[in-house]
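Trainee: Each chain, letter by letter, is given below.
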Amino acid sequence: MKIIVNLDVMMARRKISAGTLAEKIGITPANLSVLKTGKAKAIRFSTLMALCHELGCQPGDLLEFSEDEEEAKQQ
Amino acid sequence: MDWNNDKSVRLTAVFTVLFALILLSADILGFIWMPWYVSVSAIEEKHLSFLALTIYSASIFAWICLYAMFRLLREIGAGQVFTERNTLMLRIISWCCAGACLVFLASVLYYPPFMIIAAAAAFMMLIVRVVKNIIQQAIDMKAELDLTV
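Chains A and B, in that order, give the protein sequences. Heads up: the first sequence begins at 1 in the numbering used here, then just goes up one per residue. Heads up: the second sequence begins at 76 in the numbering used here, then just goes up one per residue.
Warning: the hint list may mix true and false statements.
[Unchecked claim] List time: in silico BS3-like cross-link candidates among lysine-lysine, alpha-carbon distance up to 27 Å:
| no. | chain 1 | residue 1 | chain 2 | residue 2 |
| --- | --- | --- | --- | --- |
| 1 | A | 24 | A | 36 |
| 2 | A | 36 | B | 207 |
| 3 | A | 41 | B | 121 |
[What the hints assert, rightly or not] Covered by chain B, per the in silico footprint, the following chain A stretches (three or more residues, Cβ under 8 Å):
| no. | stretch |
| --- | --- |
| 4 | 18-26 |
| 5 | 42-55 |
[Stated by the list, open to error] Some chain B residues judged to face chain A by a derived CB distance under 8 Å, without partners named:
| no. | residue |
| --- | --- |
| 6 | 212 |
| 7 | 216 |
| 8 | 219 |
| 9 | 224 |
Keep in mind that the hints were calculated from the coordinates and are not lab data. Since we're looking at a predicted model, the values are computed, not measured. We treat Cβ as the ideally placed atom computed from N, Cα and C, and that holds for glycine.
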């Protein structure tokens with residue numbers, strides 16, 4: 001079981017760079033990279049809110065729940 | 076530079092050095108104080124070599140323990156408190172306490188009062204293990220906090 005962060009997909013759709021987004025939502029590029037690469041263990045509501053606001057999307061567009069089996073199939 | 080952090084670590088380092096010096100002199104001057112101790116305690120003369128064996132084998136654990144403590148203090152002094160290396164040092168210290176406990180437990184065969192030292196060493200091992208578990212838990216919590224965006 002895993003939560004997949006689809007931030008990179010949404011960023012590509014909105015054509016926004018990591019540096020610009022990090023600056024707009026007020027987190028460091030390093031932290032944004034942690035989130036993008038799926039290394040993050042948790043996300044604050046404030047960060048999620050800022051991301052949704054900047055990218056004009058819903059939390060569900062950024063986060064996705066996945067069972068291990070499905071993940072294995074995808075890989 | 077407040078008392079709780081920097082100076083306290085330095086004070087502990089001073090005490091550790093002091094203990095190391097006492098241990099070193101006890102090791103070097105063993106040939107003087109051990110016969111004296113045998114003469115004033117209930118240990119029989121023929122067991123002097125056993126006493127030396129007990130003291131020197133326990134002092135090996137004490138030296139390993141002191142080395143681990145020095146490393147630990149250096150890390151803490153540098154602000155690296157919740158690290159895997161520190162838990163390793165605490166684990167080493169706890170195993171040294173266990174080793175010393177076994178040495179003194181074996182020594183009970185020729186001098187029963189050593190049982191008290193064995194019990195103290197076992198108790199110390201438990202305390203260090205609890206502290207190690209706390210540090211381990213703190214490391215996990217810190218990792219989680221560091222990876223919260």
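Trainee: With reference to the structure, classify each hint as holding or not holding.
Mentor: Hint check results:
no.: 1; hint: A:24 to A:36; in the structure: holds, 16 Å
no.: 2; hint: A:36 to B:207; in the structure: violated, 34 Å
no.: 3; hint: A:41 to B:121; in the structure: violated, 64 Å
no.: 4; hint: 18-26; in the structure: violated (count 0)
no.: 5; hint: 42-55; in the structure: holds (count 4)
no.: 6; hint: 212; in the structure: violated, 15 Å
no.: 7; hint: 216; in the structure: violated, 10 Å
no.: 8; hint: 219; in the structure: holds, 5 Å
no.: 9; hint: 224; in the structure: holds, 5 Å
Figure legend: structure checked against the earlier numbered hints; hints not met, in rising order: 2, 3, 4, 6 and 7.
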